[in-house]
Structure formats: C-alpha cells, structure tokens
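Trainee: Read off the chains here:
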Amino acid sequence: MPIEQNADGLKVWQKRNRREQFTHWASWFIGVAVFVVCWQQISESTTWFFVWDAPRIAGDILTRATPPKWEYITQLGEPIWDTLNIATLGTLLALFLAVPTAFLAARNTTPSKTFIRPLALLIIVSTRSINSLIWALLLIAIIGPGVFAGILAIAIRSIGFCAKLLYEAIEEIDHKQVEAITATGASRWQVMAYGIVPQIMPAFAGVAVFRWDINIRESTVLGLVGAGGIGLQLSSSLNVLAWPQVSLILIVILFAVVLSEWVSAKVRGAII
Amino acid sequence: MTTALNTKIGQPWRKPSFIKRAWLRWALGVSGVLYLIAAISSIEVNWSRVYEGLDRGAAFIMSFTRPDFVSRASDIWDGMLESLIMTVAASVVGILISIPIGLGAARNIAPLPVYLVCRSIVALSRALQEIIVAILLVAIFGFGPLAGFLTLSFATIGFLSKLLAEDIESMDRVQAEAIRATGAGWMQWINYGVQPQVMPRLIGLSMYRVDINFRESAILGLVGAGGIGATLNTAFDRYEFDTAAAILMIIIGIVMMLEYLSGVIRARVQ
Chain A
1 MPIEQNADGL KVWQKRNRRE QFTHWASWFI GVAVFVVCWQ QISESTTWFF
51 VWDAPRIAGD ILTRATPPKW EYITQLGEPI WDTLNIATLG TLLALFLAVP
101 TAFLAARNTT PSKTFIRPLA LLIIVSTRSI NSLIWALLLI AIIGPGVFAG
151 ILAIAIRSIG FCAKLLYEAI EEIDHKQVEA ITATGASRWQ VMAYGIVPQI
201 MPAFAGVAVF RWDINIREST VLGLVGAGGI GLQLSSSLNV LAWPQVSLIL
251 IVILFAVVLS EWVSAKVRGA II
Chain B
1 MTTALNTKIG QPWRKPSFIK RAWLRWALGV SGVLYLIAAI SSIEVNWSRV
51 YEGLDRGAAF IMSFTRPDFV SRASDIWDGM LESLIMTVAA SVVGILISIP
101 IGLGAARNIA PLPVYLVCRS IVALSRALQE IIVAILLVAI FGFGPLAGFL
151 TLSFATIGFL SKLLAEDIES MDRVQAEAIR ATGAGWMQWI NYGVQPQVMP
201 RLIGLSMYRV DINFRESAIL GLVGAGGIGA TLNTAFDRYE FDTAAAILMI
251 IIGIVMMLEY LSGVIRARVQ
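Quick note, the sequences are listed as chains A and B, same order.
To convert, note that position 143 of the first sequence is 143 in the working numbering; the numbers rise steadily by one, no gaps.
To convert, note that position 151 of the second sequence is 151 in the working numbering; the numbers rise steadily by one, no gaps.
Since the hints were made in silico from the structure, they are not lab data.
From a predicted model like this one, the values you see are computed outputs, not experimental measurements.
Mixed in with the good hints, there may be bad ones.
Lysine to aspartate or glutamate pairs mimicking EDC-like chemistry, simulated, CA-CA at most 16 Å apart [what the hints assert, rightly or not]:
1) A:K15 to A:E4
2) A:K164 to B:E259
3) B:K162 to A:E4
4) A:K113 to A:E171
Chain A on its own, in the form it takes in the complex:
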C-alpha cells in the first residue's frame, strides 16, 4: 500500500504510489489529446452554420411530422408481415447454419483443432463483424432487391453471433455427463444427442429468442437499402419528404421493437 511521508514527517495514505500516479496521468493526457484531435477533425468537416440552424430545422420537422398520418397504417400491414418474416426466417436459417459451425468451433467437439477450428472461427468473426445492412447491400447487388435478400442478409449476419454464443456454451458443458454416456458404449452421434445437446438446449433456445429480437430491430431498417420490409416504406416516405407518414412508420417500428423485446424477455424467462 503506497504510504508517503509529508513535510511534517507524518505518514499519509495515498491511492497510488508515485510511479502509478505518473502512468495514470500520462495515459489520461494521451487519451485527452487523442480525443481533442478527433474532435478537431469532426469539427473541420462540419458546416457549423447548419448546426446553429439545427433547433429551427428540428422544430420545423416536428411541426411537419405531427400529427402522424394515421390512415396510412392500412398500407403498412404487408410491410410489417414482411419484416416479421425476414426476422423469423432469417433467424431460423441462421440457426441451421450456426449449430454445425458452433460444434466445429468448440474446443471439445471440433474434429480438428489445427484446420477446422480456425476456419469456423473465421466464419464466426467475419459474419459477425459486418453489419446486416452491408450484407443486404451486397446481396441486393448479387440477387436483386426483395424480401429474399433481406432474409439472407439477416441469416448471414446472425450466424456469427449465434455460433459464438453456442460454442461458448458447448465449451462450458459438464464433462461427467458426456463421459457417462460414452461409458454406455454410445456412438459419437449418440454422445452428441444424449450427452451434449440436452446440456446446451436452454442456451440454444435463449440465444435463438435473443437473436430473433435483435433481428426484428435490424429488419425494420433493411428496406432502406431495398431489402424489403417496413424500411422500404420509410425510405420512400423520406424521399418524398412525407413527414406525417415518416412519424407514423417510426411509431409502428418503435411499437414492434418494444413488443418483440417483451416477447423475447417472456420466452427467455419461461425457458431459463
């Protein structure tokens, strides 16, 4: 514990010793310097005139956007259905692909630690680090706009997320149960089905519902790049500056997000 003597010869407790104090100070200094440089860059590429004008613009948009155009909701039924399908089918497809990936990536179930595990980890990292909107852009360039591209985008984006959580759950299983099943003379697949799967089933269900909830959020905006769902309506309303429609769509999206979060919390509460 760092104790220093002051001028009167008394011992005073301090939180850090001198060396720690210095490194602490230096890291704060560097951090603040980096932040200031970043802020300077942002400030340089900003038209400050627009920023000073912002409160007026915001008020203007608000008056244009209220009241929401309620009768427009009749045209939102199909986009909402598409959004739900994109999220649900995308999650299902992702789970189909994530389960084998997770088994290949987990240290205790992978067939080969030197070849297959790094490959599975690469799939997990690369699908996870690219946003679903970027996947949607890419898929639209490849297979054309529409709901199908949205489903694939959501599915690809979710593989990494689900597989990562699943393989961590697989690595944390209790080995005694697996050993017990092995001791009965079970084959590799039987060990999998009776020793490992029951242990990760709750984690699997939790991950599935959790990801479904996130996917509902993400699929609401996929339409902005043309991948179907309610985002399509949002972007067309924004393009013609129909602010009352925009505000109604935002309300609907907000409602859907809150609802899906509630459903997912309920289901997870029931499972775990």
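With the hints as your guide, set chain B onto chain A.
Mentor: Only chain B this time, still in chain A's reference frame:
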C-alpha cells in the same frame, strides 16, 4: 417413492421432451408449421434473377482473393479515418455521459424522480435504431461526421447506462455502507464505495462498446452520416467488388484487432 418407482419399472426409458406439457408442445408445433407455410408462401423469389446473380456472387467471392486496396486508396483511407475518429469521439462522449445516467438509473442510489428520468432516457435510446437516429440527425444537422458522432454517442448512452445501472444495483451493499460509516460525502461514497466495485465491468463494457461503435460507424455512411459506409455503398453500386472486398477485409481486420485488444484489457482488469 416406491410406488413411483414401481410404475416406471418395466417401461422403456424415453428421452424427456424440452417442453413438458404435451398440449403446449403440440400447439406450438402446429402453429409454428402453419406460420412457416404462410411466411414462405408470401415470399416472392425471382429465381431467374437469382440464377443470373450467381455469376456476380462468384465474382464477389473470387474478389476476396485479389482485393484492390490501391485504385481507391485515398477514398478508403479517408473513410476509414473518419470512421475511426467518429468511433473514438463518440465512445468518449458516450461513456462520459452514460456514467451519470447509469448512476441515476440505479434504483439503490438514485431517488425516484431521477431514476424515472434516467430510465426513460435509456429506454428511448435503446428503442431507436442507430440508422433511424442517423437519418433524423442528418436531416437536422446536415451531412457529415457530426451526425454520425451524435448518433453513436446517443446509442452508447442507452447501452452502457443500462448495463452500468444493473451492475450497480447488484453490487455489494456492505462495502458502500462501510465507506458511508466513515463519514464520507456523496462523491466520496460513490468514488470509494461504488466505483471500485463496478470499474472492471465498466471498462470491459466500454471496450465492447468501442467495438460495436466501430462496426456501426461502417454503415452510418449509407445515410450520409460520415465514415466508410459511403465509399462501400459506391463500390457496391458500381460493382467494384474488389474494392468492396478490400474495405470489408479492413473492417474485419480492425474488428478482430479491437476484439483482441478488449480481451486483453478485460483480462487485465478482472
């Protein structure tokens, strides 16, 4: 016990199903199948268009073997730098703002009115998608990284404050009380009683959020909020897949690096 055992003797063992109630299992199964039929039948897939696109898909995958970092080097560099700058600035500001809001959103240290205000800020920030916030902020503040910076800061607040508040709510009361018993003021109480308990997790979560912010900053450019997204969008629109592959590889590389870094930092503080 013995009667329960006796009824089971002689009967073959069957794997217990995941959902115990039979009627619930059947109801869920049947409605699931019905939903799937309805959902799949409502999707229109233009298979000839998909088939035509397969060549382009193959071309894209092949382009990962020869990514083109050179011909759009200055655009990629500027966009990446802008993304990183937005990430750093937004993370710093977001974390700084989320600490007081996180303190306010913890029921065991904040009075009820403060708690309600902070919780509603958190709920609002969590319910709004980043890209939607970005659209609105671009409309208000004009194009450029400022809108992206504000979007990411706003999203950081919701994420970090909520997790920080939950961490504070589950902290050990005894330590905080010991500090209070020494006659510490409110700031000293927070500083010596609460902060040491939540600091490791706060640092870990902040690093994780930096990682998320970088990933999000890559798409904000699609709606004009600065960063690499605009360059990426242009590359896709012009079918310059080798440039797009280069950008994606850089993004994946930086995300992997950030993840590794946050793993190291988390291991050190915990």
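Trainee: Hints first: check each against the structure and report whether it holds.
Mentor: Hints versus structure:
1. For the proposed pair K15 of chain A and E4 of chain A, the alpha carbon gap of about 10 Å is at most 16 Å, so the pair holds.
2. Between K164 of chain A and E259 of chain B the alpha-carbon distance is near 13 Å, which keeps this suggested pair within the 16 Å criterion.
3. Proposed proximity of K162 of chain B and E4 of chain A is contradicted: the alpha carbons are some 39 Å apart, above 16 Å.
4. The straight-line distance between the Cα atoms of K113 of chain A and E171 of chain A is roughly 14 Å, inside the 16 Å bound, and the hint therefore holds.
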